[in-house]
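Top line first, the protein sequences correspond to chains A and B.
Sequential numbering of the first sequence, starting at 1, is according to full-length UniProt numbering.
Sequential numbering of the second sequence, starting at 1, is according to full-length UniProt numbering.
Incorrect hints may have been included.
Copies of the same chain look alike in the list, so a pair counts if it fits in one copy or across any two.
Said to hold, decoys possible - Calculated cross-link-like contacts (lysine to aspartate or glutamate; reagent style DMTMM-like; alpha-carbon spacing at most 25 Å):
#1 K170 / D209
#2 K158 / E210
#3 K106 / E39
#4 K137 / E41
It should be emphasised that the hints constitute simulated quantities derived from the structure, not laboratory data.
Protein chains: 2
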Amino acid sequence: MATELLLDSTPMHRLFASVRLATPSDVPHIQKLIHQLAEFERLAHHCSATEGSLSSILFNSPPFQSFTVFILEISSNPFQSTLPHPLFSPITQTLTFNLPIHDTEKETFRSINDDGIDAVVAGFILFFPNYSTFLSKPGFYVEDLFVRKCYRRKGLGKMLLSAVAAQAVKMGYGRVEWTVLDWNVNAIKFYEEMGANVLQERRICRLTDEALQTHGNANN
Amino acid sequence: MATELLLDSTPMHRLFASVRLATPSDVPHIQKLIHQLAEFERLAHHCSATEGSLSSILFNSPPFQSFTVFILEISSNPFQSTLPHPLFSPITQTLTFNLPIHDTEKETFRSINDDGIDAVVAGFILFFPNYSTFLSKPGFYVEDLFVRKCYRRKGLGKMLLSAVAAQAVKMGYGRVEWTVLDWNVNAIKFYEEMGANVLQERRICRLTDEALQTHGNANN
Numbered sequence: 001m002a003t004e005l006l007l008d009s010t011p012m013h014r015l016f017a018s019v020r021l022a023t024p025s026d027v028p029h030i031q032k033l034i035h036q037l038a039e040f041e042r043l044a045h046h047c048s049a050t051e052g053s054l055s056s057i058l059f060n061s062p063p064f065q066s067f068t069v070f071i072l073e074i075s076s077n078p079f080q081s082t083l084p085h086p087l088f089s090p091i092t093q094t095l096t097f098n099l100p101i102h103d104t105e106k107e108t109f110r111s112i113n114d115d116g117i118d119a120v121v122a123g124f125i126l127f128f129p130n131y132s133t134f135l136s137k138p139g140f141y142v143e144d145l146f147v148r149k150c151y152r153r154k155g156l157g158k159m160l161l162s163a164v165a166a167q168a169v170k171m172g173y174g175r176v177e178w179t180v181l182d183w184n185v186n187a188i189k190f191y192e193e194m195g196a197n198v199l200q201e202r203r204i205c206r207l208t209d210e211a212l213q214t215h216g217n218a219n220n
Numbered sequence: 001m002a003t004e005l006l007l008d009s010t011p012m013h014r015l016f017a018s019v020r021l022a023t024p025s026d027v028p029h030i031q032k033l034i035h036q037l038a039e040f041e042r043l044a045h046h047c048s049a050t051e052g053s054l055s056s057i058l059f060n061s062p063p064f065q066s067f068t069v070f071i072l073e074i075s076s077n078p079f080q081s082t083l084p085h086p087l088f089s090p091i092t093q094t095l096t097f098n099l100p101i102h103d104t105e106k107e108t109f110r111s112i113n114d115d116g117i118d119a120v121v122a123g124f125i126l127f128f129p130n131y132s133t134f135l136s137k138p139g140f141y142v143e144d145l146f147v148r149k150c151y152r153r154k155g156l157g158k159m160l161l162s163a164v165a166a167q168a169v170k171m172g173y174g175r176v177e178w179t180v181l182d183w184n185v186n187a188i189k190f191y192e193e194m195g196a197n198v199l200q201e202r203r204i205c206r207l208t209d210e211a212l213q214t215h216g217n218a219n220n
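Working from the sequences, and respecting the hints, build out all of it.
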């Protein structure tokens, strides 16, 4: 009985989440989210993503064949079931929690979607195919995963990553990979709880800027 | 005069190296090289690359748009200057050294090339495009770099990596990346001497096998 009383006295807030393929009209939101991610990682001074540079590289190939973006939308109304996309049907989820979410950037991230639903863009995931010679199978590499601050700790990052994993399984791919900073213990714990292995021995090597140019010219 | 005497008394061996785009007829050699690489990394038990699986994934897109292979060939005769490939002209180099190379697998790796040159396949590099959101530019990710044992320590690994770097510069790309095992100090030294940064803080996360399947099914 005590449990029922507790449940009755707790106000329940309900929101609806949807993961869908990005379209060219999402580029302004994607650009803003990339800059928020750069600020979070204290790398904003390295971030040169513009709407123009994103438009020039996204949407040049069919989804999943090259650089692909999923958009996370949140609404207080259920998402309508529209005609399924031939390559990806949106994934929806209902969220319930005790405290309402106060989104101070609601207007900035108001979404334009086909359903006419009043929704906001809450996050994104950018990924592209990679290849494992040993598995002899392609996989997906996740370059960016980001959920806006007021929507964090509600399983939405996992929802985005799972959507990519589901797509990998659907396509018969062998892996999903991404990177994490070794001091980001919360992220590492989260990823390990999802079943990911963190490769402790492997380091990324990067040739960029002048060093890249030098090698680029060496063979000419 | 002493220098001249020394030069005169040193037998000089000369070989010619060429880096060219792989063709479907290279698949049997690529498969054997991948297995040698797996043995070198003591991962042969994880290696499932077959000629069939390689053929199904390579050569489906124009070079550089997806998974791409450069082949390293060695010959005792200079490579003829053939008509340049519209997307990639072979890079050639002359090697001189004091001791002859004894290649016990010469017959296995005898190359079939358009020039009619008697050449052997000595190595390969497999790479594909990736994308940096912060740079807002694509790059190349090198999945595999391998030179057969008897041809090592002659600058040929660098020749293959530089060929990819040159292609990245040509296409206006921002980076070339790959990974190294943290205990492979010789490789790390080699890469750092080439001007690469080894990212110490970043770890790769990998979702594969059952953990991948679980997330793949979670949204269904």
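Each hint, compared with the structure:
no.	hint	result
1	K170 / D209	between (38 Å within a copy, 14 Å between copies)
2	K158 / E210	between (38 Å within a copy, 17 Å between copies)
3	K106 / E39	within (19 Å within a copy, 55 Å between copies)
4	K137 / E41	between (32 Å within a copy, 19 Å between copies)
Comparing the model with each earlier hint shows no violations; every hint is respected.
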